[in-house]
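Novice: With the hints as extra help, turn the sequences into a complete structure.
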Amino acid sequence: AFSGGDAVARFQAMRGHNVLHPIGWDAFGLPAENAAIKRGLHPKEWTYANIEQQARSFRRMGMSFDWTRRLHTCDPEYYRWTQWLFLKLFERGLAYRKNSPVNWCPNDATVLANEQVIQGACERCGTVVERRDLTQWFFKITDYAQRLLDDMDDLVDWPDRVVTMQRNWIGRSEGASVTFTIDETGDEVEVFTTRPDTLWGVTFFVFAAEHPLVRKLAEIGGTLEQVEPLLERVLSTPLTAREEADTKEGVALGVYAVNPVNGEKIPCYVAPYVLMEYGTGAIMAVPGHDQRDLDFARQHGLAVRVVIRPEGEDRPDEEPIEAWDHEGVMVNSGPFDGERSPESIAKVAAWLEEQGRGRATVTFRLRDWLISRQRYWGAPIPIVHCPEHGEVAVPEDQLPVLLPDDVDFRPGGESPLARHPSWKDATCPKCGQAATRDTDTMDTFVDSSWYFFRYCSPGDETQAFNPEKVGRWMPVSQYTGGVEHAILHLLYSRFFTKVLHDMGLVSFTEPFPRLMNQGQVIYGGASMSKTKGNIVEPMPVVERWGADTMRLMMLFASPFEDDIDWKLIAGDPDRRPGVTSWLGRVFAAAGEAAERDAVDPDDLRRLTHRTIRGVTEDLERFRFNTAISKLQVLTNEMRSALDAGGGAREAASALAQMLAPLAPFAAEEVWREVLGNPASVHVSAWPAYDEDLAREERVTMVVQVDGKVRDRIEVEAAVSEEVCRELALASERAIRAIDGREVRQVVVRPPRLVNVVTAG
RNA sequence: GGGCGAGUGGCGGAAUUGGCAGACGCGCAGGAUUCAGGUUCCUGUGUCCGCAAGGACGUGGGGGUUCAACUCCCCCCUCGCCCACCA
118 AFSGGDAVAR
128 FQAMRGHNVL
138 HPIGWDAFGL
148 PAENAAIKRG
158 LHPKEWTYAN
168 IEQQARSFRR
178 MGMSFDWTRR
188 LHTCDPEYYR
198 WTQWLFLKLF
208 ERGLAYRKNS
218 PVNWCPNDAT
228 VLANEQVIQG
238 ACERCGTVVE
248 RRDLTQWFFK
258 ITDYAQRLLD
268 DMDDLVDWPD
278 RVVTMQRNWI
288 GRSEGASVTF
298 TIDETGDEVE
308 VFTTRPDTLW
318 GVTFFVFAAE
328 HPLVRKLAEI
338 GGTLEQVEPL
348 LERVLSTPLT
358 AREEADTKEG
368 VALGVYAVNP
378 VNGEKIPCYV
388 APYVLMEYGT
398 GAIMAVPGHD
408 QRDLDFARQH
418 GLAVRVVIRP
428 EGEDRPDEEP
438 IEAWDHEGVM
448 VNSGPFDGER
458 SPESIAKVAA
468 WLEEQGRGRA
478 TVTFRLRDWL
488 ISRQRYWGAP
498 IPIVHCPEHG
508 EVAVPEDQLP
518 VLLPDDVDFR
528 PGGESPLARH
538 PSWKDATCPK
548 CGQAATRDTD
558 TMDTFVDSSW
568 YFFRYCSPGD
578 ETQAFNPEKV
588 GRWMPVSQYT
598 GGVEHAILHL
608 LYSRFFTKVL
618 HDMGLVSFTE
628 PFPRLMNQGQ
638 VIYGGASMSK
648 TKGNIVEPMP
658 VVERWGADTM
668 RLMMLFASPF
678 EDDIDWKLIA
688 GDPDRRPGVT
698 SWLGRVFAAA
708 GEAAERDAVD
718 PDDLRRLTHR
728 TIRGVTEDLE
738 RFRFNTAISK
748 LQVLTNEMRS
758 ALDAGGGARE
768 AASALAQMLA
778 PLAPFAAEEV
788 WREVLGNPAS
798 VHVSAWPAYD
808 EDLAREERVT
818 MVVQVDGKVR
828 DRIEVEAAVS
838 EEVCRELALA
848 SERAIRAIDG
858 REVRQVVVRP
868 PRLVNVVTAG
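Letter 61 of the first sequence, counting from 1, is numbered 178 in the working numbering, and no numbers are missing.
Misleading hints may appear alongside valid ones.
Below, in silico cross-link-like pairs of lysine-lysine (DSBU-like), each with a Cα-Cα straight-line distance of 30 Å or less [stated by the list, open to error]:
| hint | residue 1 | residue 2 |
| --- | --- | --- |
| 1 | Lys205 | Lys464 |
| 2 | Lys161 | Lys547 |
| 3 | Lys215 | Lys541 |
Restraint ranges, calculated between C-beta atoms of paired labels, are given here [what the hints assert, rightly or not]:
| hint | residue 1 | residue 2 | range |
| --- | --- | --- | --- |
| 4 | Ala835 | Gln637 | 44 to 50 Å |
| 5 | Ser174 | Arg631 | 25 to 31 Å |
| 6 | Gly288 | Pro193 | 35 to 41 Å |
| 7 | Asp442 | Val826 | 26 to 32 Å |
| 8 | Arg132 | Phe704 | 22 to 28 Å |
| 9 | Gly529 | Ser290 | 37 to 43 Å |
| 10 | Glu849 | Asp720 | 24 to 30 Å |
| 11 | Asn135 | Val826 | 47 to 53 Å |
| 12 | Ser174 | Glu831 | 31 to 37 Å |
| 13 | Gly210 | Gln749 | 58 to 64 Å |
| 14 | Arg278 | Glu838 | 39 to 45 Å |
| 15 | Gly288 | Ala835 | 52 to 58 Å |
Just so you know, these hints were derived from the structure itself, not from any lab. Computed from a predicted model, the values in this text were never measured in an experiment. Note that the Cβ used here is the ideal one computed from N, Cα and C, for glycine as well.
Specialist: Printed below as a string of structure tokens:
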């Protein structure tokens, strides 16, 4: 949970690091806007009120944020620089406007980026998205696809699943593009294939419904009557909601394509299973080696040809039952007969290039980032549309382009800013003619893609960030966030950082070399949401038992990366939580220790130093649950030592300090009030441990007979192999278990274990 | 359909990466304190047999490697997440 990040910040500060632990609010965007509309409030009013409440809650929880660097992305002082960055991308051709089919959420009345469409539905509200052809602003993230992929290999230390998710999202595939010619018209059509080695097995050709040639070809082929209804239906279906139902559906166009490798004429089809969004919107179909093509061929009675056979299997080219997509040897493939298949892919690609009929190509699944939104609560796009000069950048000295307050901000088909009586009126910065402002706002993810730079020089009125200060603080030593950011925020931020690097503004290319995913707090197995009404506010627990209890409950409940089911953890709200009782025992033990003159007994000293070592390691690795467990063990041992009349001052001091990052209020009270230190525990230096003391001196050696534990013997940690063997074989319990059988082998692993293997 | 991850007591979870399974805590049971509830303290608590000493079993299921497997390998089951007509 979130207090883990705070614990690490406090821990690293105590270790002497210069820690920048900032806080900010990504406050523009749909959730805030929708919530405000629902309450009948202005988004600005609602947002700031909400921020204040959260800030209070954070303070109450003892979060050690540097409040002087606090940011809100909806402040004009902030979004001025978001707009500036937009203009920098525009200058470099990385922000551009184009007409294309886009995802439209009818409920939120705005377009969405591909990344914000989950299983065909709006990420925010769950409404099935529609497709619309609109002119929108895009960021050219596809220019960076390869670098976004490569840099994950050696520049970031991230959870595997996040790396995998980004990799899948970018979706690089290697193959070849091949040019087919339409026999009747001479049109050249490019296709992409990952399997150019199957080119000789192509028996038909399929276009996506959106392909620009479809209508023309149908007309020439005389099939417009059959094709038209299919197009109409497919084009009106939501982009992402074309399900398996129409897998084998398709209509012949009545024209033929010429296979460039063998001159064969193959029939052309239009079918919904081919997507315009991937590759070129047209495919060569190889039913012998692709299951979908085979299904389609069966349905439409098309030829199937095998061109790759399992090696060594002298099988005739009968109709395959299943498309063979494994390795093998090429057959029926002209000059390539006998070549081994996966290896031949590159050769075929090279050969195509020689012949001028194709070339090796790499495609990516990643699309350009659509950043226009037809909503009010966002940073206005700083562009003016001039009848003569087209899209013109707002001059930097006129930034920010302020978001007006007096707007009917309810969503409705076009941007609310367009409905404002005068806001969009402007003059062209180039010619001074009357012009119109762009009335869309930017996707919130633009705001959050660069905020970490702003934290380094938050008040700077002359630049987005101070490069020198960025050089000092960045990249971020430790980033934390939920997995929900695995693709969106992390991908966009990496893109922005690379762009800024290419502009010469920053010296590094990855903003977050180290990332930890924190789990969410859920309730009864379901994620908490306002609509489900199962939000657990931290405040009731904090009011009743204190912030430290809340922090410890969350940190102790499970590993940092795992979700916490509050229903399972919380217990009876009227009963004192276990961690609270523990803190009580810490106070009592420290109090007793403070009154004792005796020095800590040896066993306790050793445990204290071992605990410091262990907790230090645990906090470095975000393992708060085991760190707390170790502190509880130390507390128990202190109490035993005190009960036996010994001292526990060293233990109490170290305990208070190690508690400081986790339970800052209790730790401070123990440190100052109970132990009488004049300065704060939070400015004390993290305790050091003595290697010799931390090393265990006596350990329990286990004696096994045939793998079963039969005895335990206390030995010196430095005990020799011989002594271990002797002790084990002398053990009465072991002798009883051996029961006179022949001893075949004695495995000795000093000082922990001896295993006596018998003939039985 | 593809990819990734996970399955350990009544519950949350430990286990130095092949070496004492269940640390620490919650819960529960018994006891002490208390008029009572709560608090606090002590004891016990994987399952089965046994008064006990002790023994057998035990990390989703099945097989394997090893002196030794929660950990490594193969097959299967269940759950979670991500992607999904990706050519």
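Novice: Now, for every hint given, state plainly whether the structure supports it.
Specialist: Hint-by-hint comparison with the structure:
{"no.": "1", "hint": "Lys205 <-> Lys464", "in the structure": "violated (42 Å)"}
{"no.": "2", "hint": "Lys161 <-> Lys547", "in the structure": "violated (33 Å)"}
{"no.": "3", "hint": "Lys215 <-> Lys541", "in the structure": "holds (21 Å)"}
{"no.": "4", "hint": "Ala835 <-> Gln637: 44 to 50 Å", "in the structure": "holds (47 Å)"}
{"no.": "5", "hint": "Ser174 <-> Arg631: 25 to 31 Å", "in the structure": "holds (27 Å)"}
{"no.": "6", "hint": "Gly288 <-> Pro193: 35 to 41 Å", "in the structure": "holds (38 Å)"}
{"no.": "7", "hint": "Asp442 <-> Val826: 26 to 32 Å", "in the structure": "violated (52 Å)"}
{"no.": "8", "hint": "Arg132 <-> Phe704: 22 to 28 Å", "in the structure": "holds (25 Å)"}
{"no.": "9", "hint": "Gly529 <-> Ser290: 37 to 43 Å", "in the structure": "holds (41 Å)"}
{"no.": "10", "hint": "Glu849 <-> Asp720: 24 to 30 Å", "in the structure": "holds (27 Å)"}
{"no.": "11", "hint": "Asn135 <-> Val826: 47 to 53 Å", "in the structure": "holds (50 Å)"}
{"no.": "12", "hint": "Ser174 <-> Glu831: 31 to 37 Å", "in the structure": "violated (51 Å)"}
{"no.": "13", "hint": "Gly210 <-> Gln749: 58 to 64 Å", "in the structure": "holds (59 Å)"}
{"no.": "14", "hint": "Arg278 <-> Glu838: 39 to 45 Å", "in the structure": "holds (43 Å)"}
{"no.": "15", "hint": "Gly288 <-> Ala835: 52 to 58 Å", "in the structure": "holds (56 Å)"}
The structure shown violates the earlier hints numbered 1, 2, 7, 12.
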